Amino acid sequence: MILIHCPYCDETRPEIEFANAGEAHIARPEDPSTFDDSQWEGFLFIRSNPRGRHHERWRHIHGCGRFFNAIRDTVTDKFETTYKAGEPRR
Amino acid sequence: MTRFNFVNLFAKSLNAHKDWPEQWPDAAPKAAYDAIIVGGGGHGLAAAYYLAKKYGIRNVAVLEKGWIGGGNTGRNTTIIRSNYLYDESAFLYDHAVKLWDGLSKELNYNIMYSKRGVMMLAHNVHDVQSIKRHIHANRLNGVDNEWLSPAEAKAYCPPLSIDPGARHPVLGAALQRRGGTARHDSVAWGYARGAAALGVDIIQNCAVTAINRGADGAVTGVETTRGPIRSKRIGVSAAGNSSVLMQMAGLSFPLESYPLQALVSEPVKPIFPCVVMSNTVHAYMSQSDKGELVIGAGTDQYVSYSQRGALHIIEHTLAAINEIFPIFSRMRMLRTWGGIVDVTPDRSPIIGKTPVPGLYVNCGWGTGGFKATPGAGDLLAHTMAMDEPHRINAAYNLDRFRNGRLIDEAAAAAVAH
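Protein chains in written order, with my numbering: chain A, 1 to 90; chain B, 91 to 507.
Because the hints were derived from the structure by calculation, they are not lab data.
Everything numeric in this text was worked out from a predicted model, so none of it was measured.
It is possible that some hints are incorrect.
Just the calculated beta-carbon pair ranges, DEER-fashion [said to hold, decoys possible]:
1) A:P14 / B:K359: 33 to 41 Å
2) B:D109 / A:I26: 55 to 63 Å
3) A:C9 / B:R320: 50 to 58 Å
4) B:D124 / A:R53: 36 to 44 Å
5) A:I26 / B:V218: 34 to 42 Å
6) B:H226 / A:F43: 30 to 38 Å
7) A:C9 / B:G156: 35 to 43 Å
8) A:A27 / B:A409: 36 to 44 Å
Glycine included, each C-beta is placed from N, C-alpha and C at the ideal position.
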């Protein structure tokens, strides 16, 4: 089980307190009616799925309940950092 | 090629079985091939075998970054079934089951396909309705599946607890009698030996590091850790690493890779005669010919290529197993392991052409690729040889994520499958 640092609680807690919420920094379309099928495909389905540095969202469901972002290496599962939602991509 | 007949066995026994030759040659890469398959698991080896056998394309290389059958082919729970809800899925998976049926004979290699039956349990009214719908849909598509009462389910699988007071009582079950298990290593080895006998080069420890494209955009070959190899036809069958390979050709795929775990118990005498799955408590189990109980766990919640998973996933699975099989509550577990599965948004695979000319793909099998090994190989071979998909895999294209014609087995099964 991996340990995750919640930037809101400022505590490092076990994974079972958290829910993974997929890749981070995928913005909802500003003007959905102008989106064509390819753009919807990109927003809904295409993910970077990198072998290495991955930006992802976590939610501290059994803690503060808030979403935050993290950077984790997908080969070693080691976290590089976690940061609050709304902060710029690192 | 080594043949395991009685005369050979007797002759080799005279020297204490010390001089058995290799089953197929460990090939070194040539400069060019008519076709390259990336990925030496069951799917890739089957594709190479059928390319050589059915389509006469014998100048083929299978490139494997590790060793043959060391990826998900050797890490699954060896279950075979085809009781899927949608028409496209029923045709796809039943195509594979039909090929499993004659495979030991076809390859002259005992893959130990055992039609011991796959039973899926219903624990609540929703399960009963959903499973009966599956049974009717399957029968309309020519896939065998039948409804069992709790007593009939208990008779078919004696260790099952049908205690009506249980937290998740068994209200009935679906049984696909043609479903069962096969020995996964034998499948890889049988296809490898068969393909090599037809002229296919099986190249291990050869990781692809780049996919080369010409001025017209079509593929021209690959760069590998053992040097460049030219080919105008490349089929990628690389499971969890498929999206990494597709990136090398400049393509973004709707895939995410997760660790999926499985585990086995200490070996015991034969006690468990079939495969039992329960979607509600999320457990499935069978017994191997060695006597180990083979248990499939779930995926981790995060994207990873680590080939190991978290212990709490195993705990959750064993709690579910104990719920429906209290008889096994004191069984000790021997080994656990993980494999990396590539999951699509609709939990159905992608088999077919890609936007890059000459590049073909067989990926997205997620948590249930082993059962489809012969079918997936056959369909990838057909697509590569004809440069167009077979009618069975025509619907499994990449365009469905743009035009919305998903084959939504994620919703139909509501569970890893």
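Falls inside 36 to 44 Å, the C-beta gap from D124 of chain B to R53 of chain A? 38 Å Cβ-Cβ, so the 36 to 44 Å window holds.
Taking 35 to 43 Å as the hint, is the beta-carbon distance of C9 of chain A and G156 of chain B inside that range? Holds: the Cβ-Cβ distance is about 41 Å, inside 35 to 43 Å.
Could you check the hint for me, namely that H226 of chain B and F43 of chain A are 30 to 38 Å apart, CB to CB? Since the Cβ atoms of H226 of chain B and F43 of chain A sit about 37 Å apart, the hinted range of 30 to 38 Å holds.
A27 of chain A and A409 of chain B, beta-carbon distance inside 36 to 44 Å? 39 Å, holds
Can you tell me whether the CB distance of I26 of chain A to V218 of chain B sits inside 34 to 42 Å? 39 Å, holds
Indicate whether the distance between the beta carbons of C9 of chain A and R320 of chain B respects the range 50 to 58 Å. About 56 Å separates the Cβ atoms of C9 of chain A and R320 of chain B, which means 50 to 58 Å holds.
Just tell me: holds or violated, for the beta carbon distance of P14 of chain A and K359 of chain B against 33 to 41 Å? Holds, since P14 of chain A and K359 of chain B (Cβ atoms, about 39 Å apart) stay within the stated range.
Lying within 55 to 63 Å: is that true of the beta-carbon distance D109 of chain B to I26 of chain A? Since D109 of chain B and I26 of chain A have Cβ atoms about 59 Å apart, the given range 55 to 63 Å holds.
This entry satisfies every hint, going by the numbered hints stated previously.
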